[in-house]
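Asks: Respectively, the protein sequence lines represent chains A and B. The first sequence maps to residues 0 to 351 in numbering that gives the first Met the number 0. The second sequence maps to residues 0 to 286 in numbering that gives the first Met the number 0.
Think of the hints as simulated: they come from the structure by calculation, not from any bench. Treat the hints loosely; a few may be bogus.
Some chain B residues judged to face chain A by a derived CB distance under 8 Å, without partners named [as the list claims (entries may be wrong)]:
(1) L25
(2) S26
(3) D34
(4) K111
(5) L114
(6) F207
(7) K246
Positions of the beta carbon are idealized from the N, C-alpha and C atoms, including for glycine.
Spelled out from the first residue to the last, the chains are:
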Amino acid sequence: MPIIQIDQLAKSYRVYQKKEGLREALRGLWKREYKDVDAVKDISLRVEAGEFVAFLGPNGAGKTTTLKLLSGVIYPTSGNATVMGFVPWDRSLEYRRRFALVMGQKNQLWWDLPAQESFRLHQQIYKIDSDSFKKTLDELTSLLTVQELLGRPVRELSLGERMKMELIAALLHRPEVLFLDEPTIGLDVIAQHNIQQFLKFYQAERGITILLTSHYMKDIAALCKRVVVIAQGQIQYDGSLSGIVDSFSGDKIITLQLAVGQSELGLDRYGELEKIAMPRVSFRCPRSEVSKSLGEILSNYQIDDIAVEDPPLEETIAKLFTHVSKDSADGSADGNAKNEASKGNSMASNKP
Amino acid sequence: MMDSHSFSNVIWDAFRTRWMILRIALSERLAYRGDFVLGTLMRFLPIITQIFLWWAIFQSINPEDPNAGRLSGYSFQDMVAYYLLTMVGRAFSSMPGLSSSIAVKIRDGEIKKFLVQPVDLITFLFWSRVAHKIAYYTIATLPFALVFFLCRSYFTLGWPEPWTLAAFVASLFLSFALGFYLEACIGLVGFWMLEVSSLLFVYMLFQFFLSGHMFPLDILPEPFLSIVNYLPIKYLAYFPAAVFLGKVQGTQLAIDMGMLVGWTVLFFVMSQVIYRRGLRRYSGYGG
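Given these sequences and hints, build the entire structure.
Replies: The structure is reproduced here in structure tokens:
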């Protein structure tokens with residue numbers, strides 16, 4: 000049985016429609032217009048124990064709302080979900096002792112006290128016996144190399160150090176399910192890398208289930224085998240990271256290094272030129288025509304080197320997001336993004 | 000049958016959690032020693048101005064001999080003694096920053112912590128507040144003792160009976176609980192209003208006059224006297240002082256103590272209900 004089971008989950012917020020101007024503000028004092036905003040509409044998902052799943056999507060897509068629903072912070076408008084058999088928004092103490100939520104933008108530690116004081120409180124409220132508390136704490140602090148910082152007030156720690164402490168606080172009770180909302184937000188590259196390495200190691204070692212949202216493609220590429228793209232409150236894609244490119248981009252990028260004296264003239268017939276930095280020329284070519292175009296180019300031009308690559312992931316995802324929002328702006332069918340996916344034929348990514 | 004061993008374990012565990020919250024809140028409080036000590040001592044300044052104020056009032060009543068003047072049965076000495084006792088009462092029952100901190104927790108989403116972690120918000124706040132009070136008294140006991148020593152001549156009746164003293168101490172602890180749950184309720188209105196400062200302002204204004212902080216409530220004319228007698232806020236300042244001064248005795252003392260317990264329980268229950276309802280409404284503001 001899946002450890003996380005989500006069925007047709009939906010959450011809409013009622014927001015006050017504030018209009019511009021003093022006149023409207025006065026009118027708003029007694030008569031308010033409300034609008035329902037669908038943060039999450041109809042999400043269904045199964046996650047097996049031990050999976051490391053990334054939620055990907057533009058701001059306001061419903062990723063954080065989904066995590067909030069799963070941690071029981073908010074009630075859904077409709078639909079069901081269970082995590083380890085618990086309904087999250089029942090907020091039973093037993094459930095709370097078996098999962099953890101870490102939000103990159105929120106501080107859960109006592110600001111003016113050393114982190115170890117917060118850890119002691121966690122030991123008490125999560126009922127961790129002192130042997131395993133000590134063992135877990137030693138293990139986590141040495142993995143994250145923060146032993147020396149335990150006694151320093153949290154306010155004096157750097158953002159990266161604080162994030163490590165937040166993770167320790169969240170993992171002390173050895174949760175089976177961990178929700179991470181932007182754990183590396185605002186961190187520099189090295190700190191990001193440290194956190195990634197730690198999460199990867201810890202997840203593999205413990206076999207816990209992790210759901211992560213992040214804007215950093217590097218986080219996701221480093222950590223997650225499975226990616227769920229959420230946009231407009233719905234799941235647009237569920238599969239591997241590389242699969243996104245296969246599904247949503249019908250093009251390949253061909254880069255040629257022309258031999259000395261060759262001109263790039265005429266290459267635009269094979270596709271849209273991307274970049275010309277002689278002697279290198281890149282252009283975009285529909286996948287179905289890659290082999291045909293390459294054949295022609297090789298017979299017509301003198302080429303020193305060739306590379307055929309997928310377009311950058313960020314670009315594909317950005318395209319996917321704009322695509323989705325355009326669809327919904329047109330008011331056309333929801334499934335368009337998925338239809339698009341089947342159109343791009345799945346020619347294996349051939350990197351010579 | 001629930002076996003008594005596991006039951007006592009639960010109690011022991013609940014106690015240890017509260018103890019841990021108290022300990023940590025206390026050490027947090029002491030992180031800012033300087034500010035804290037200064038703030039505590041500055042609270043004693045108004046005593047001097049208040050004594051001068053009452054002196055001026057009694058002087059206008061009886062310019063020949065202010066000490067002989069009477070205001071609804073209170074002499075100048077009685078008035079100062081009363082005022083000093085309300086200071087003690089308010090040191091228990093006032094909750095600086097409680098309501099607004101709850102409202103801020105709701106608005107900024109910090110309250111999520113208490114929904115995700117296995118710890119109850121109101122329990123947590125209660126024990127942190129106990130820690131605040133302990134820290135406060137650690138610093139304030141000496142100055143309080145000094146002030147009472149210097150003003151001992153104002154207590155014309157001397158020390159009260161042991162039973163009265165016991166009732167006084169009990170009323171102080173209960174007024175702490177009442178004050179806490181009352182202001183917690185105001186803070187929890189933040190689930191609906193996001194900003195509670197104006198509500199708090201109105202409450203503080205009423206509290207200032209009707210709790211007995213400003214003047215002894217029994218100098219009020221009817222029907223105001225009867226009205227304030229039925230309000231809970233008189234227990235925050237007037238009541239403990241009145242008990243100490245022997246104004247409430249016998250059956251009336253028992254009734255008032257019962258009322259105080261009743262109000263405390265009522266506001267405790269209300270805080271729980273408002274919290275549960277508020278969470279229902281809560282949609283997770285602030286990301």
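Asks: Are there hints from earlier that the structure breaks, and if so, what are their numbers?
Replies: 1, 3, 6, 7
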